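> For reference, the chains in residue letters:
2 protein chains.
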Amino acid sequence: MQKKAVVLLSGGVDSTTTLAFAKIEGFEIYALSFHYGQRNIFEVEQAKKIAKFFGVKEHLILSIDLKAIGGSALTSEKISLPKNRKLTDIGREIPSTYVPARNTIFLAYALAWAETIGAEDIFIGVNAIDSSGYPDCRLTYIKAFEQLCNLATKAAVEGKLQFKIRTPLINLSKAEIIKKGMELGVDFSLTHSCYDPLPDGKACGKCDSCQLRLKGFKEAGFHDPIRYVNSTNNTN
Amino acid sequence: MQKKAVVLLSGGVDSTTTLAFAKIEGFEIYALSFHYGQRNIFEVEQAKKIAKFFGVKEHLILSIDLKAIGGSALTSEKISLPKNRKLTDIGREIPSTYVPARNTIFLAYALAWAETIGAEDIFIGVNAIDSSGYPDCRLTYIKAFEQLCNLATKAAVEGKLQFKIRTPLINLSKAEIIKKGMELGVDFSLTHSCYDPLPDGKACGKCDSCQLRLKGFKEAGFHDPIRYVNSTNNTN
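Quick mapping for you: the protein sequence lines, in order, are chains W and H.
The letter at position 201 of the first sequence is residue 419 when you use the numbering used here, and the numbering goes up by one with no holes.
The letter at position 59 of the second sequence is residue 277 when you use the numbering used here, and the numbering goes up by one with no holes.
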C-alpha cells in the first residue's frame with residue numbers, strides 16, 4: 219500500500235517545493251492549509267490550485283482564528299509590516315511578521331491528522347538559510363517537535379506509528395529551493411509569497427518575503443512568473 | 219505588576235481546580251476554552267460561568283474544527299463511546315475517547331496566547347492517576363512540550379520569557395483533586411465532566427469520565443452537586 223504523508227501547504231515557494239519532494243518520494247499526499255487570519259487572502263486559493271496540480275489525495279483547509287490572539291504584523295493591523303528592508307538585515311533579528319507559535323499550532327494539527335489517517339511522515343517547508351529568522355523554522359525546534367509527537371500520541375505509544383517531521387529544504391538557500399522545484403516540475407506561477415498583496419493579487423515586492431523570493435529567483439537564474447506591483451522588481 | 223497565567227479551562231473538575239490553584243498563587247488569569255466539535259455542548263457554557271465565578275481577567279473561547287480531523291469517539295459519530303466499563307479497566311488501555319493530539323493543539327494555542335500577552339506560566343489540569351490513560355496527560359509529555367515552548371518562540375529565544383507548563387494536579391487522585399478544590403472554594407455545581415450528556419444537560423453517569431468523577435466524589439466524602447440521568451448514580 220502506498221505510504222501516506224501529511225504536507226503543510228501554505229502556497230508559497232517553500233511548501234510547494236516540499237510537496238514536490240514528498241510526491242517524488244512516492245507518498246500519497248494529504249495537504250493541509252490554514253485560513254488563520256493572515257493578511258494574504260490569496261494564499262489558500264493558490265494552495266488549492268497547487269494541491270490540484272499535484273493530484274493530492276486530499277486537501278484539508280482549516281479555519282483557525284489566530285487574529286483573536288494577535289501578536290504579529292501578519293494577523294494584527296496594530297502591528298506594522300516591515301517593507302524595503304536591506305536584504306542583509308533580513309534574518310538578523312526576528313521580525314514583527316513572526317506569528318506566535320504558528321508552526322507549533324500548524325504541526326499540532328498535522329500530527330492530529332497524520333495519526334488519524336495513519337501517516338508517519340509530516341512534511342514542512344522550513345529552511346534556516348534565506349529565512350526570516352523565525353525560531354520555529356530551526357532544526358533544533360523541529361527535532362523537539364518530532365520527539366513530542368512520539369510521546370503525545372496513542373499510535374506512537376502503542377508502537378503503531380513512528381512519526382517523522384520531514385524538512386527537505388532545511389539546508390537549502392532560496393535559489394537552491396527554486397532550482398530544485400524547477401527540476402521537480404513545480405509551476406511557480408501558482409505560488410504566492412507576499413505578506414501583504416494588493417487587492418488585485420499583485421505581490422508588493424517590498425516585504426521580506428517578496429525580497430527573499432526575488433533574490434532567490436535572481437540567483438537561480440529564473441524569471442519569477444508571478445505579478446508584482448512594480449514590474450521592475452522582477453528583472454530576470 | 220501581577221504576573222499573568224494562561225489556564226486551559228474545559229469546565230471539568232480538573233481544569234476548574236487547576237484554575238483555583240493558579241488564582242491562589244496570585245496570578246492574573248487568562249482562561250482559554252475551545253469549541254472543538256466535542257459531543258458535550260455544555261462544556262464551554264459551564265467554562266464561561268466558572269471563568270466569571272473566579273473573576274478571570276479574560277476568557278478567550280476559540281472555535282477549532284477537530285471534527286474535520288475525527289479519529290475520536292468525542293469528535294466523530296462513527297466511533298462508539300464506551301459506557302459502563304469496569305472502573306478497574308479505565309486507564310489500562312487508551313480508550314476511543316482519546317482525541318488525536320488534542321493537548322498538543324490546546325497547548326500550542328495556549329503558548330501563542332501566553333507569548334502575546336507576556337505570560338510565562340501555562341496551567342493545564344492533567345493528572346496521571348484516576349485518568350483515562352491518555353498519553354498527552356503524562357508528565358514526560360508535558361516536560362517535552364515545555365522544552366518545545368522555549369525553542370519555538372521569539373520571546374524565549376530572546377530571553378524575555380521562560381515558559382513553564384504548570385500541572386498542579388499531576389500526582390493527585392480524583393478524590394484528592396476534589397478535596398483540594400473544596401478547600402480552594404471551587405463551586406463544583408458549575409463543572410461538567412460527562413462525555414455524552416443528555417439534551418437537557420444531565421450527565422449520563424456511565425461514561426468513563428462520569429465514572430471517574432463519581433468515584434472521586436464518593437472517595438472524597440462529598441456529594442456531587444451536578445444532575446445525573448439516574449439519581450442513584452450519585453449516592454453520597
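If you are wondering where the hints come from, they were derived from the structure by calculation, not from laboratory data.
Incorrect hints may appear among the rest.
No distinction is drawn between identical chains; accordingly, a pair holds when it is met within one copy or between any pair of copies.
[Said to hold, decoys possible] Mimicking DSS-like on lysine-lysine, the simulated pairs with C-alpha atoms at most 25 Å apart in a straight line are:
hint	residue 1	residue 2
1	Lys266	Lys285
2	Lys382	Lys304
3	Lys285	Lys221
4	Lys436	Lys221
5	Lys382	Lys361
6	Lys378	Lys361
7	Lys378	Lys296
8	Lys241	Lys420
9	Lys361	Lys270
Fair warning: this is a prediction, and the values are worked out from it, not measured in the lab.
> Indicate, hint by hint, whether the structure satisfies it.
Outcome of the hint check:
| no. | hint | in the structure |
| --- | --- | --- |
| 1 | Lys266 / Lys285 | both (22 Å within a copy, 21 Å between copies) |
| 2 | Lys382 / Lys304 | neither (36 Å within a copy, 36 Å between copies) |
| 3 | Lys285 / Lys221 | between (35 Å within a copy, 24 Å between copies) |
| 4 | Lys436 / Lys221 | neither (36 Å within a copy, 49 Å between copies) |
| 5 | Lys382 / Lys361 | both (9 Å within a copy, 20 Å between copies) |
| 6 | Lys378 / Lys361 | both (20 Å within a copy, 23 Å between copies) |
| 7 | Lys378 / Lys296 | between (46 Å within a copy, 21 Å between copies) |
| 8 | Lys241 / Lys420 | neither (29 Å within a copy, 50 Å between copies) |
| 9 | Lys361 / Lys270 | neither (30 Å within a copy, 40 Å between copies) |
Hint compliance for this structure: hints 2, 4, 8, 9 are not met, and every other hint is.
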